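> Starting from the given sequences, assemble the full structure and let the hints guide the process.
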Amino acid sequence: MIDMKRFMSGGAAIQPIWVFVIAITIFFSVMSDYFLSVGNLSNILVQTSTIGLIALGMTYVMINGNIDLSVGATLGLAASLAVGLQEYSLTLAVLVAIATGVALGALNGLLVWKTGVNAFIVTLGAMIGVRGLIFVYTGEQSFYASNFAFSDFGASTIGPIPVLAIIFLLCTLVMHLVLKKTGHGRNTFAVGGNPEAALDAGIRIGRNMMINFMIVGFFAALAGVLLATQMGASTPNLGRDYELWTITAVVLGGTKLTGGFGSITGTLGGVLAIGILRNGMNMMQVPAFYVLVILGVILISVLIIDQKINVKSAKGVTV
Amino acid sequence: MNAEAVTQASGASGRGESPILSLVNITKKFPGVIALNKVSFDVRAGEVHALLGENGAGKSTLMKVLAGKHKPNGGQILLEGEEKVFDTPKRAKKSGIVLIHQEQSLVPEMSVAENIFLGSLPKKWGNRVDWKTLHRDSTEILDRLKCSFSSKDMVSDLSIAKKQMVEIARALVFTPKIVVFDEPTASLTDHEKPVLYDIINTLREQGVGIVYISHRMDEIFHLSQRISVLRDGEYNGTVNTADTNEDEVTKLMIGRSLELDHASKPKDFGENMLELRGLTVDGVFSDVSFNVRKGEIVGMYGLVGAGRSEVAETIFGLRKPSAGEILLDGQVARLHSSHDAVAQGIALVPEDRKDQGLILGMNCRDNMTLAGLETVSSKGFMKSRAEKRVYDKYQQAMKIKTPSWRQKVGNLSGGNQQKIVIGKWLHTHPKLLILDEPTRGIDVGSKAEIHALIKELANTGYAVLVISSEMPEVLGVSNRIIAMYDGKVTAEFDGDAVSEDALVQAITGQYVTGDGAPAERPVA
Amino acid sequence: MASAEHTKQGFMLSKTHKAGLLNFLSAQGILVFFLICMFAFSLFSEQFLSQSNIMTVVRQASIIGIIAVGVTVVIIGGNLDLSVGSMLSFSTVLVVDLHDKIGPVGAILVMFALTLMLGAVNGFLVGFMRLNSLIVTLAMLSAIQGLVLIYSGGQNVDIANQSETWFSVFGQGYLMGIAVPVIIFAVLAIIVQVVMSFTGYGRRIFAIGGNPVAAVYSGIRKNWCVFSTYLISAFCVACAALVLGSRVMGSQNNVGQGYELLVLAGIILGGTSLLGGAGSIWKTVIGVLILGFIQNGLLLLGYPYYTQWLVTWVIIILAVWLDLANKRKRLLTRHS
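Going line by line, the protein sequences match chains A, B and C.
Numbered according to the working numbering, the first sequence terminates at residue 319, and the numbering increases by one at each position without gaps.
Numbered according to the working numbering, the second sequence terminates at residue 524, and the numbering increases by one at each position without gaps.
Numbered according to the working numbering, the third sequence terminates at residue 336, and the numbering increases by one at each position without gaps.
Since no wrong hints were added, every one of them can be taken at face value.
Which stretches of chain B does chain A cover? Using the computed rule of at least three CB atoms under 8 Å from a CB of chain A, they are:
{"#": "1", "segment": "87-95"}
{"#": "2", "segment": "107-119"}
{"#": "3", "segment": "122-131"}
Just a few of them, taken from the derived set where beta-carbon distance is under 8 Å, the chain A residues facing chain C:
{"#": "4", "residue": "L111"}
{"#": "5", "residue": "T115"}
{"#": "6", "residue": "F120"}
{"#": "7", "residue": "G125"}
{"#": "8", "residue": "F135"}
{"#": "9", "residue": "F289"}
{"#": "10", "residue": "V293"}
{"#": "11", "residue": "V297"}
{"#": "12", "residue": "L299"}
{"#": "13", "residue": "I300"}
Once the Cα atoms are required to be at most 30 Å apart in a straight line, the calculated DSBU-like pairs of lysine-lysine come out as:
{"#": "14", "chain 1": "B", "residue 1": "K393", "chain 2": "B", "residue 2": "K379"}
{"#": "15", "chain 1": "A", "residue 1": "K181", "chain 2": "B", "residue 2": "K123"}
{"#": "16", "chain 1": "B", "residue 1": "K94", "chain 2": "A", "residue 2": "K180"}
{"#": "17", "chain 1": "B", "residue 1": "K354", "chain 2": "C", "residue 2": "K283"}
{"#": "18", "chain 1": "A", "residue 1": "K180", "chain 2": "B", "residue 2": "K124"}
{"#": "19", "chain 1": "A", "residue 1": "K181", "chain 2": "B", "residue 2": "K94"}
{"#": "20", "chain 1": "A", "residue 1": "K114", "chain 2": "B", "residue 2": "K29"}
{"#": "21", "chain 1": "B", "residue 1": "K388", "chain 2": "B", "residue 2": "K401"}
{"#": "22", "chain 1": "B", "residue 1": "K455", "chain 2": "B", "residue 2": "K251"}
{"#": "23", "chain 1": "A", "residue 1": "K308", "chain 2": "B", "residue 2": "K320"}
{"#": "24", "chain 1": "B", "residue 1": "K132", "chain 2": "A", "residue 2": "K181"}
{"#": "25", "chain 1": "A", "residue 1": "K181", "chain 2": "B", "residue 2": "K163"}
{"#": "26", "chain 1": "B", "residue 1": "K123", "chain 2": "A", "residue 2": "K180"}
Keep in mind the hints are simulated off the structure, nothing from the lab.
Everything numeric in this text was worked out from a predicted model, so none of it was measured.
Beta carbons are placed, not taken as given, at the ideal position from N, Cα and C, and that holds for glycine.
Below you can see the structure in the form of structure tokens.
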């Protein structure tokens with residue numbers, strides 16, 4: 001039973017979400033010859049990179065036992081800043097956009113740390129407020145990129161592979177290694193798994209959480225900038241509902257809301273599952289809104305499977 | 001023995017040895033209460049010094065001051081003659097003072113090695129964990145403790161006893177001078193205890209000073225060289241273990257001598273209130289059959305993990321039996337949920353008061369009426385006067401100490417909390433009352449009160465099933481005793497005719513005959 | 001041992017609570033803040049405290065308020081409901097679309113029935129399957145939004161002969177000078193508050209939110225109780241959809257998007273803990289009204305509508321800080 005639990009929840013063995021990813025890959029490649037082409041696969045990676053980048057940071061925050069609802073708004077603000085400040089300097093614009101994301105993450109982290117209030121509440125406030133900041137800054141206007149280097153970047157490739165896909169995969173690798181191999185990564189698990197024990201062991205819980213909120217802020221901003229390069233523009237409503245998509249991807253990947261459990265490989269699987277579903281159903285000309293229903297069903301199924309396994313291994317009274 | 005003699009004992013036993021650690025006149029105040037009042041305490045290298053006291057006497061607070069979790073308001077901590085200030089747990093740890101908690105303080109989804117070195121993982125450049133060093137050092141520590149598991153095992157896969165070993169292993173990282181064990185055996189089975197004792201003795205031989213906090217006299221007398229007693233936040237003397245006995249220590253603890261309970265005589269009881277016939281829950285317990293009659297107290301005795309609580313939970317409708325039947329009042333009962341059980345007159349005072357028994361954030365009155373809301377409401381609406389009457393009735397009957405019914409139960413002492421849980425069930429006027437570890441973690445005074453209450457209830461006709469892992473409790477209250485071992489009933493004894501030896505044999509499986517059926521009643 | 005000590009201190013602490021004004025302020029912080037806001041706005045705008053303006057604000061706040069009443073019950077029971085926004089879209093599109101097809105009575109009945117069914121799905125998954133409510137309702141948020149789009153084919157719907165139907169009464173009507181949405185809001189809030197405070201059902205919900213395990217060990221049918229909270233939530237959404245559909249006489253297929261968060265913001269501002277086992281409807285009403293008055297006040301002062309979002313953020317942070325004094329005290333007792 002323990003082996004089964006390990007198997008399903010992502011130890012050394014293959015994670016269930018990857019079984020699902022492989023299954024739908026096979027399904028769609030049978031349905032469409034074009035699906036497995038390099039062009040389409042890199043297309044999927046580019047499409048998922050936005051959610052994927054945020055999900056990398058969100059995984060850390062959720063392993064901490066927290067959650068960040070403000071990522072969609074942070075993404076929107078970063079995109080607007082990166083496009084809107086281009087007239088002064090492209091480098092400056094991008095730097096300011098990223099720095100803003102990190103700063104907003106720091107603010108969230110600081111509030112969670114210092115007040116001990118549920119991250120859900122703190123970041124819900126930020127989600128509403130940061131969206132307000134976007135509207136104040138843009139005056140409800142969409143911005144269009146004036147610097148062609150900016151929008152060219154979004155479409156550039158190295159060999160056959162789009163730069164955005166490469167950035168996403170590189171970030172995934174780095175975040176995976178940091179989580180698995182470094183003191184910060186391991187402490188992230190400790191803080192989420194047993195905060196009291198972490199505190200007693202001298203781990204600075206608050207600092208650890210704050211860094212993770214800054215990480216997710218960074219990735220939300222980065223995703224915003226990159227999304228803006230793809231569109232060559234930003235709109236004030238950019239990134240709405242992205243927090244929901246991101247959390248969905250991370251949960252699909254096996255990270256637990258209660259903290260102390262999760263992995264970047266799982267999250268990558270979750271992100272790809274969403275991306276492949278959208279892409280594949282699009283190719284089969286299924287209207288986009290069916291994906292919403294299917295995703296909801298999958299999310300609930302994952303919960304049910306996860307619970308059945310845990311209940312069996314716990315053998316306790318279920319209340 | 002008077003206080004003067006006691007203090008002398010501590011002086012006499014010194015024989016010139018100087019303590020490795022001294023706490024001098026430690027005072028700790030919390031808003032509105034003095035938790036420790038000028039408490040002094042010392043530990044010598046290579047001794048086990050037991051710290052005793054009733055709940056609330058200040059033992060844990062004293063140890064938290066020592067471990068840097070609380071700042072004292074006055075007094076000194078001297079380690080090897082040097083005055084120290086421990087303002088963080090980490091600093092205390094670095095100085096060689098380690099606290100082993102009664103609560104598990106491990107991170108479940110991490111390896112044993114990572115848990116041992118939690119917060120001080122060996123690192124290479126770039127904040128990377130040095131896995132090689134980590135596992136080498138962890139394995140070395142585990143070997144010293146003669147542990148059978150690997151440093152790479154996941155903590156969530158270990159048994160409770162092994163988890164405790166990991167906690168102890170963690171203590172050895174800093175080459176400790178002082179190790180504090182706070183109720184270390186609370187979650188261990190009798191098989192696992194000797195391993196812990198061995199470790200403690202090993203540590204002691206290595207010259208570590210051990211502070212051992214426990215409620216259990218047998219352990220204390222088995223392990224310790226000296227015993228110190230706290231009462232109401234004040235130091236109440238130290239005695240040499242070799243020169244004293246349990247009575248004397250109890251007297252020091254509670255200021256009076258505890259009258260030993262006598263087993264109740266079996267007499268003619270009424271009809272069967274509860275009868276289990278071959279009750280089985282697959283993988284948990286099997287073929288459990290016994291009965292409880294009206295007016296009778298049946299004790300269920302066994303080790304933690306023997307399946308006692310699970311039997312109770314099944315009777316209470318929380319587990320689904322895979323075979324066998326439950327008869328109530330001679331009728332086969334249909335129990336699909338706790339709601340069914342309550343409706344049919346079953347009451348369960350659960351094992352874990354705080355997690356299962358009470359809504360800590362609710363006030364006393366609301367907790368008291370929670371299981372019998374129908375009786376204090378009409379057409380769904382609560383009748384607050386009726387509620388208050390119910391509360392007053394049981395508050396007075398059980399002498400529950402609380403300033404008002406509005407007090408949140410989370411703010412009451414363990415004994416008073418337990419009385420609220422019992423009151424909650426008495427109010428439902430059950431036919432069968434099951435009490436699972438009714439006095440765990442409760443101070444000696446309240447314990448006696450609860451025992452008296454249980455007997456009184458039986459006298460008024462309740463059928464009572466008491467589950468306990470404390471032999472004096474089982475012997476003290478039961479008319480009959482059911483022994484369980486490894487998910488099976490192994491023996492049944494009359495309350496007045498059982499020897500302690502027989503009981504111990506029964507719960508360690510020595511009465512089981514070849515085919516697993518209970519042996520004949522070994523009544524003298 | 002440790003626990004006994006902590007309880008002892010906790011007990012002493014509550015006895016020595018400092019009494020008086022300060023205590024009152026910290027306990028009723030949000031109400032005080034509300035009054036200060038009202039006062040400040042009234043200084044800058046004479047219109048602000050006029051009867052007609054107040055009625056306008058309450059009328060506008062009533063949709064969020066009606067939903068918040070239901071969600072508060074779910075939260076007191078220890079769960080969350082994020083699906084109310086999508087559900088509002090669903091119900092509004094449904095009732096508007098069916099109005100011309102099967103008539104107002106049929107439309108309302110079908111809408112209530114289907115909305116309650118969605119609530120029942122939530123309730124089944126959380127109550128009986130015991131799944132995490134945040135994820136379940138997040139999944140339902142997505143799934144229901146998909147259902148709306150499938151149902152409407154991505155088109156917006158409206159009612160053809162808007163002047164000829166009595167359906168407009170729910171959103172636009174007045175009864176004795178009071179707007180019907182406000183009456184619906186008030187009646188729902190009062191009924192639910194009474195149920196939560198004075199009935200055995202309410203007591204059970206508080207118990208489940210406070211400690212679900214202990215509630216089950218007290219013979220409470222937790223599954224059914226949790227299930228029922230989602231029915232209440234869905235019922236409130238259906239009422240809100242009635243008001244919204246009738247006010248606009250049409251519906252975009254994402255009309256409810258983001259409502260779940262505004263509702264939560266109102267509940268949090270009111271001071272109901274997301275942890276469950278505590279809270280009240282009247283707190284939620286205050287929280288929702290604060291949101292409404294801030295929006296209105298800022299508009300009257302000439303600020304664009306989105307400044308209210310910034311202010312909401314600041315208030316949530318402030319509410320968090322205000323709560324801190326109490327928190328510190330609790331932390332102190334917890335760790336001792």
